[in-house]
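Visitor: Knowing the structure of chain A, use the given hints to seat chain B on it.
Read top to bottom, the protein sequences are chains A and B. All residue numbers for the first sequence refer to UniProt numbering, where the first residue is 1 and numbers rise by one. All residue numbers for the second sequence refer to UniProt numbering, where the first residue is 1 and numbers rise by one.
The reader is advised that the hints may include incorrect statements.
Which copy? The list can't say, so a pair holds if one copy fits it or any two copies do.
[What the hints assert, rightly or not] Simulated pairs of lysine to aspartate or glutamate, EDC-like, Cα-Cα distance not exceeding 20 Å:
#1 Lys-39 / Asp-51
#2 Lys-6 / Glu-84
#3 Lys-6 / Asp-51
#4 Lys-39 / Glu-84
#5 Lys-39 / Glu-14
#6 Lys-4 / Asp-37
#7 Lys-11 / Glu-80
#8 Lys-39 / Glu-80
#9 Lys-11 / Asp-51
#10 Lys-4 / Glu-84
#11 Lys-6 / Glu-21
#12 Lys-71 / Glu-21
#13 Lys-4 / Glu-80
#14 Lys-4 / Asp-40
Just so you know, the hints here were simulated from the structure itself, not pulled from any lab data. These numbers were taken from a predicted model, which means no experiment stands behind them.
Residues per chain are reported as follows:
Protein chains: 2
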Amino acid sequence: MIGKIKAQPGKRAELIAILGEGTGAMPGCLAYLIAEDAKDADAIWITEIWDTQASHAASLALPAVRAAIAKGRPMIAGFELSAETRPVAGASFVGDRTRLGA
Amino acid sequence: MIGKIKAQPGKRAELIAILGEGTGAMPGCLAYLIAEDAKDADAIWITEIWDTQASHAASLALPAVRAAIAKGRPMIAGFELSAETRPVAGASFVGDRTRLGA
Chain A
1 MIGKIKAQPG KRAELIAILG EGTGAMPGCL AYLIAEDAKD ADAIWITEIW
51 DTQASHAASL ALPAVRAAIA KGRPMIAGFE LSAETRPVAG ASFVGDRTRL
101 GA
Chain B
1 MIGKIKAQPG KRAELIAILG EGTGAMPGCL AYLIAEDAKD ADAIWITEIW
51 DTQASHAASL ALPAVRAAIA KGRPMIAGFE LSAETRPVAG ASFVGDRTRL
101 GA
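For reference, chain A alone in the conformation it holds in the complex (with noise of 0.2 Å):
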């Protein structure tokens, strides 16, 4: 999935951390990268790839995602671009965890 977030003005950081915060242990899930946009100051970009739709659905009952949820739909204005998509196996590969300041 790709996902183009609209924060409110001002707000971005903070709906950042929530985000970083409700997703660090989420079953199935191979990769979730959140980024900022580096020219509209209120965008947040987000990737995620799961093993499964099915451990996709399942991690929003997780108690953290629905905090974060919670806690971080005021600060989000809308939702701009949502696709869903299929990493291609053989031709995606991901880099070092560590190097990603994880």
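Guide: Only chain B this time, still in chain A's reference frame:
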């Protein structure tokens, strides 16, 4: 960086294979995720994370990347979206490379 490429009709799989070939060993590339759009049969999503902009710029001169660009260009119908992004340390994490089928 997050980009959405539109392949010529029927050429997505071939283009993805070319992208995968050319991007296997790029110094400074922390993540290079290629995914199919699940709803648009011609669309490819790419999420890239680089340690520096200079590393990304340098990659465009790598023989394998230049070859992939030349080989793939005829199969590209257009670049529908290209966002420059800044991965956020501490809020980005990446799953297990091996489980992504790399």
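Visitor: Each hint should be assessed against the structure and marked as holding or not.
Guide: These are the hints, each one checked on the structure:
no.	hint	in the structure
1	Lys-39 / Asp-51	between (32 Å within a copy, 18 Å between copies)
2	Lys-6 / Glu-84	both (18 Å within a copy, 15 Å between copies)
3	Lys-6 / Asp-51	neither (27 Å within a copy, 25 Å between copies)
4	Lys-39 / Glu-84	between (24 Å within a copy, 7 Å between copies)
5	Lys-39 / Glu-14	within (18 Å within a copy, 32 Å between copies)
6	Lys-4 / Asp-37	both (9 Å within a copy, 15 Å between copies)
7	Lys-11 / Glu-80	within (16 Å within a copy, 28 Å between copies)
8	Lys-39 / Glu-80	both (15 Å within a copy, 17 Å between copies)
9	Lys-11 / Asp-51	neither (31 Å within a copy, 26 Å between copies)
10	Lys-4 / Glu-84	both (12 Å within a copy, 12 Å between copies)
11	Lys-6 / Glu-21	within (18 Å within a copy, 34 Å between copies)
12	Lys-71 / Glu-21	within (11 Å within a copy, 42 Å between copies)
13	Lys-4 / Glu-80	both (5 Å within a copy, 15 Å between copies)
14	Lys-4 / Asp-40	both (11 Å within a copy, 18 Å between copies)
Hints 3 and 9 from the list above are not met by this structure, while the remaining hints are.
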